[in-house]
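J.: Letter by letter, the chains look like this.
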Amino acid sequence: MGKTIAEKIFAAHLRDTPSPANVVLDIDVVLCHEITTPIAINDLVAKNLDRVFDPDKIKAVIDHVTPAKDSKTATQGLILRDWARRHNIKDFFDIGSNGVCHALFPEKGFIRPGYTVIMGDSHTCTHGAFGAFAAGVGTTDLEVGILKGVCSFREPKTMKVTIAGNLPDAVSAKDVILNIIKQISVNGATDMIMEFNGSVVEQMSMESRMTLCNMAIEAGATSGICMPDRVTAEYLWPFIQDSYATIDEATQDFKKWHSDSDATYAKELKIDISNLTPQVTYGYKPDEVKDIIEMEGTPVDQVYIGSCTNGRIEDLRQAARILANRKIAPTVRGILSPATPAVYSKAMEEGIIKIFMEAGFCVTNPTCGACLGMSNGVLAEGEVCASTTNRNFNGRMGKGGMVHLLSPLSAAAAAVAGYITDPGKYI
Amino acid sequence: MKNFSGQALFLDRNDINTDEIIPAKYLTENTKEALKPHILEDLHLEGFDAGKDIAGKNIIVTKSNFGCGSSREHAVWVFEVNNINVVIAESFARIFRQNMFNCGMLAIELPKDDIDTIFSLGKDTAIRVDLEQNLIMVENSQGEKKVIPFGLNPFDRELVLAGGWLQYADQKY
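Each protein sequence line maps, in turn, to chains X and E. Going by the numbering used here, the residue at position 343 of the first sequence is 343; the numbering climbs one at a time, nothing skipped. Going by the numbering used here, the residue at position 74 of the second sequence is 74; the numbering climbs one at a time, nothing skipped.
Chain X on its own, in the form it takes in the complex (with noise of 0.2 Å):
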């Protein structure tokens, strides 16, 4: 019988079966961000088991908060600095180097075809888009992580999406999965892996791919998956060329972990998306999405683009086509935060902050920023934002206000007209 990726995955690291339904993984990357990770350290120290497993297989960034904003998270960075210093943690990035983890680390290199992934935090799930078995744990998981380089998981069961059709102009990677968010709720993958399939996902970019993966949690997904291909390849090809002799025979060896064509799967789900219209959503929860049309006219106080869905180089230079030669509208705050020192970088390079500028935008260092209302860009009790992110749960952004999530394309539309309208119009 044929074997999903991820049960491959599973059992190229099987460490344990503690009972039948469950399994626990030697785990290749343990990710970690000054949130989750300073309280796990202290419990770690405080039970004398202040060790870990393996200081190259540990990678940590200060990323939710950064610059810290007051002594409490001042503190956060310097639990998490001591600590990786005192474990010879080489890979640690701090002001200067830092940027929203699900950006950075695949940057790096560090994510790969066929690795177990762990993360204190629960959008890791976007690191399946290399291949890899990627979720997000609570601080206990990463605890154990950290200390031991396991993980205990229920075996996986997988829903195949497969996404066939042409993309739309105006529709991007974040449109179809706030779509397939709508049709499967935010329960539809609970305890499943999904697995993103079809010539539209073989079509995307990396980042694309990572946008996908990035929200299958908001359908209560274990992680996303995309199958290794070229594409895989050629965007690591700079932290693999030692290892393979030409990106073709990267791209064959990758296949090993594909999916076989007579694995079993326990939902399936296809969709056509050429008809799909750019997607937003209206209430409080991610699978609350129509059509932007529905939502013509809903004005907006601030717009943010950014984060680990959408604050990648493609998805500014989407917002920039927009942006470009036109003003936000006065009534409009506009925050962009670029996920990396790298993409910010390539902005400058291309233009793109210089547009962004010019058209009236705030211009952050790269960081979680006003996501999860922690540092910057909280919104006041009434006010509405128009969203590049992951979530819109009530008061996420601040308390009493709104968020509606939606691509950078709408975001950059909504910026320049002072309401959620359809990008296409200005395209």
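The set of hints was computed from the structure by calculation and includes no laboratory data. We treat Cβ as the ideally placed atom computed from N, Cα and C, and that holds for glycine.
Derived SDA-like pairs: lysine to any residue, alpha-carbon spacing no greater than 20 Å straight-line:
id	chain 1	residue 1	chain 2	residue 2
1	X	K69	E	E29
2	E	K25	X	E383
3	E	K63	X	E288
4	X	K72	E	N30
5	E	K25	X	V378
6	X	K157	X	A11
Just some of the chain X residues that point at chain E, by a computed CB distance under 8 Å:
id	residue
7	N22
8	D141
9	S152
10	V186
11	N187
12	G220
13	T222
14	M374
15	G395
Here the structure of chain X is known, so what remains is to put chain E in place on it, guided by the hints.
T.: Positioned in the frame of chain X, the structure of chain E alone reads:
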């Protein structure tokens, strides 16, 4: 092992997320105790008053997809420091459920009919979880009783008995 009995706190809604259980602004705290007063502070539930309704309650009974959203274990710890060690729901989000067992606490899934039965007993209801017999004993202030069987994955049970995943993993791996 923790305490698995006490008064029920009914949260009659699906999809209660971890931002509602403990808002992100408290994630800068580095101790569990500091979270204590902020339990369910941002819960959006009609008639619910976090300041009045939680005191003296030890077991949460709720609907589907409880604990969705952020992976923050703070959502489990804020229950733990308020002496709430059991959540009984129609279903859970995966990470929240795992975090509960990882802390040696109980996330019990019951069919919708059983959840409705517990809700029907009214606000003033006591619950005792019998881990040996896999039974939930429910009794309201009028003396009405129900006994409801539940299933528990053997590994999850081991985590509860061990006092959590760190204790279990430190010994075994």
